[in-house]
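Student: Residue numbers (full-length UniProt numbering): 1 to 1204.
Heads up, none of these hints are tricks.
Computed list of lysine-lysine pairs in DSS-like fashion (alpha-carbon distance at most 30 angstroms, straight line):
(1) Lys735 to Lys709
(2) Lys707 to Lys720
(3) Lys490 to Lys414
(4) Lys380 to Lys414
(5) Lys669 to Lys707
(6) Lys702 to Lys839
(7) Lys369 to Lys355
(8) Lys414 to Lys400
(9) Lys717 to Lys727
(10) Lys497 to Lys459
(11) Lys128 to Lys112
(12) Lys769 to Lys717
(13) Lys520 to Lys451
(14) Lys380 to Lys244
(15) Lys400 to Lys451
Honestly, the hints are just simulated from the structure, not real lab data.
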Amino acid sequence: MNEIEYKLKTNNSVLIVNAVDKLITAIKSKFKVAERQRFVLENEELKYLREKCSVKETVVSLTACQGLLALVELGVLEIGHTMSTIVTLLPSAHNYSAIISTMAGLLILDLKSRLVPGESYKCQFTLKSPQHPFITVLEKNREAEDDVLAQMHALCNHPDYIVSSNSLELLRPVFLWLTCNPRHIAAHSSSLRPWQLLLSLPQSGAQSSLLLSCLCCQQICNPKLTERAFTAYSAVTDAAIYRKDREYVTALMPILARISNELVLNGRDPRSCYSLLERCLALDAAEFRHATGLTLTLLADNLQHTSALYLHELFNLALNIISKYECGNISLNIFVALSLQWLRLPSYLTTSALKVAAKIVDTYQTKSKTDTSLHMPNLKANKIFQSLLYTDRHLFVVFKLIENWERFRDDPDKLRMWLGDIESLDDNVKLDLVPFLIGIVMERRFEDWYKDIVIEALKIVVTVVDAKKELCVMLMPVLLYKIASDPTPKVRMQCLKDLPLMAKTKENVPTIVAILNKLKASNGVPVSTLIMLYTTLAETQVRCFPYLQEVLVEVSGRPDEPKWELDVARAFAVVRICEIRASTHGIELVPTISSVLNRCTDRSGSSATCLALAALQLLWRAAAVAPPGTWRHLQPRLARDTRDTVRISICKLLSEVPNLRVATPEYDKLVSDAARQLWSYVASSNEPEVVESACDALANFKIDDYKLKDVPEIYRKTVKLPAANCKTPADAARKPEDVLDYIPCEVWPEVFKYTNQAALSGVHRMVSKLVEREVRGYRSGVYQPDARAEPQGLGYLPPASVVRGLMECFRKQATSPSYDFPEAVLLAILHTLTAEYPKPLPPVDLCFLHELFHRGAQWTAGCLTLAARQAQTSGSARRLLENYLQELSPDATSEADIIQVFELLPILCRGMPPNSLRGPLERCLSAAYESTTKLKPLKDSESLFVKLLRTIKDSLECDKIHDANRTLLSQFVENYFTVIPDDNVAWSTYVETCRCLSTKYLERMTSPSSWWEVTGEALRKACAVRARVSTIAGLVWLHDTIDAAASLITEQQYSLECMAPALKSAQVDSESTRDWFQQLMARTQAAFKETEEVSAKLYLLDVLMLSVVVFSGHWTLDDGYLTRRSTRYRLMPAACCQLMQRHMWTTVQPQMLEWIRHTCHSIEDREASAACRRSILALTHWEHFARAFQHLDGYFAIDTTIED
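Kindly produce the complete structure, drawing on both the sequences and the hints.
Tutor: Written out as structure tokens, the structure reads:
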């Protein structure tokens, strides 16, 4: 050993090699295979050799490491143990080059030892465990990257074909770590070298696959890594251009445009990206035309955020694309639409750029060729693009929008349906679609049906402006362009109407005001239209109110404009302003209101007068003007007005008076005058609508608000002074209205009797309101009369009782008819007595109702209703009902009578015991259901069973029914669950009825976990019911049927169809929805471990993907999302990214990433696994990806394509 130590201390390479050789010889001579484990640990020479691997002297450490490698080749040491030994030397190593070169040698030996003839080599190392040795070195020492890359280059270009051909698989984790690890890329400046190495290798399947895998993981949306991602794509693109690889360049062009979006958005210089795209276009490949439309659409996004410094290059690039290649019209439309905002506000800074933009607009205006191209299907056939497409959410969304447009553009029905679906989305999703919708608006088509499409798209965009007012700047020039150039008057008018809505941003206000002022000066539009536009402007921007005032003051309109139209426009403008800002601007509009009322006194001015009175009503409500003074000035003229519509408006105005009550003499007089005016309308008007409006207004007044003398004489002519007030002849000679300080009860039957019979419904509403106030004030003693038997009448109530007057009159006419009350009047009184009140009427003997049953169906219905309402307090009413129900039989009773009884269930179930209801209801339901199974229902008619179910639903929804009767009805519904097939005509109504059941019954009926056997039919029913319940009670109701359907493959598609509406109706940003989704992820993960059935796993995956697609709004991108599994797989990556970017869902990102990784590992289906890998690629932009990166080895895009 002394000699060896001496030689190793010399600086002579030959002596050092000789010393190490002697060590190797000594170690080999002492080695025995049977004692390998002890020998490796205890042999002194081997320990000494390992120590020398870490010394400072470069030659010594390098030669010692070679010695270890030689011992492996000689069979003394094992590859794995030696690799571990080398790794343990890293902390103390001074010469990383020696360590890394030894690792490379050991990797070669390991590679050769693992090769199996006829099978592909699979690297045993990963990013984390077992970690690739080179990655371990790089994590320990960042400065060792050059040495690692040198060894990687040596392995990839190894003279041994076996080594070189398998080197990419051997080094795959290292390449991924160097090119994709966010933490490494962010901290290291030489991130381009691994790409150069990879691109320098000969093209092969392994090289292309690894290159694509590395590209797919670039974080182009991460602000810290966007430029590094561009550097990578730039290197790959340059190599593809050099090779003239048109397929690769075609696929990369849209990605480069997408990267330029992020560069612009993050304040970086995008011109190098534009230059690279120009070099791509220089190849002049015909197949580029399939990608240029998508590229141009993505470049258009830059126009919203770019600096003027980069604008010229952007327009030049766009012009180059448009000039060279045939882009789809929709892409050109979008780019031109977003360019108009720059052309509208020219600047010295953008002079040269706008000259190019003008050429693009000229190209758009002169383009007349009909677009019939289908570029997206051809682009989708590009396998490279198909893999890259799913790596970015926005790229996928834009691609799908253009693809759908190419499918639907010539089909009006599908296009309308698609826009309807988009309109149903929330503003958060629609924001992404605004440029595309503007592209639809800019489409130069002249079919009659297309103008409706343009208007629909405009409406959607305008609604999104409310969510993000900055869009006004972009939309404003589009509206101006359409107004100036669109040949369709309907579209131009819609754009003109939408123009004032763009005043949400103050930058647009001067332009809008200038345009409207120019229209006013030139008489370009009718003044009524102009007033409408100024009104919208004032509603949108409060500081524009003076412009509206100025227009309202001008009296004259165009010669061809009707005076009434102008007056209506003015009055409507006043109403709109009073609705939103009565307290601030209302007082300033009083002169306009007064002017309208003074001018519009003829029949043609009725509408304007009505609107002016409606505005005045709003001002009263907002306390902007004093009602007493206003009415004092208006009453002389309005009281004489004979126009029916104006009288109706006066009634509505006076209906506000009771709500404005103030304890002052002025207000007391106003209340009295208003009531007297309304009573005069009730008594004297021949127009039923006027009478009803007056009655509705009087319903707001308390009965104490007016005296007997305020009531017209025709209603009080039967009133006599009570005996207590007639003690002397002089007293008896007095008029009742001069003596009584209340309204006697006998007035109210007279009101019914002498009011216009066509307006009895209005009288009913007014008197019902008075009865409601009276009943609400009853104390408990009213319902406990002193006599044991029920009172024969209501004489014990006060003489001012409205209930007493009505009931006594009705009872008298029923038992001893005088025939001076028309039948319609008595029915109206009965209708009033049977109305819904907070308490029952006071108890009274209702045996007299038997006398009325024979008079007809209306009398029977009214008497039954009155008895049902009084059943809680009246024994006679209860007996009447019990007798009637006992006679109820499906064989002997008409269908109308059966329906009548069922319609009374919400009332009957409050006062009747279940035993009285069970038999009749059960018989009728059973017979009605039997008829649905025997007879084929008519196309336009409902079966009796459906009608009865609907009444049961109404009863269950009523919170006033007794619990025992609720139980009875619930049992009826529950019993039919196993009876009604899901193809029965009554099934949909039955499902709606089930929605009203309590949790106990729903769980017992529809929870598969409580069944003896889960059958397909029962599960279908449970799915339908629980899905409907979940729309109001939460998505947790879906869990049980999801679990059951997982094991019943025949019903899986049906269950998805059932739950889709429930998912759409859910509030995406609510905590309950987010919590349900997290529970669903946890349940599916647990199920993946518990079940081995592939169909069950795929179904659970379907459920979760459907949820993601619906919640994200991406279900509108493909109409096959519900019926085709492959469609859900394609939509999942972008949908997942969209959903998890919502504010309420960001906390779910780590769980989502873990769920996808777990699912990809757990599921055996190739397409499902590919969809999960796609999703991981789409999520690489999240900050959580950096923490999870090393656990994701094996999930990157080697094969993420799914055949359509």
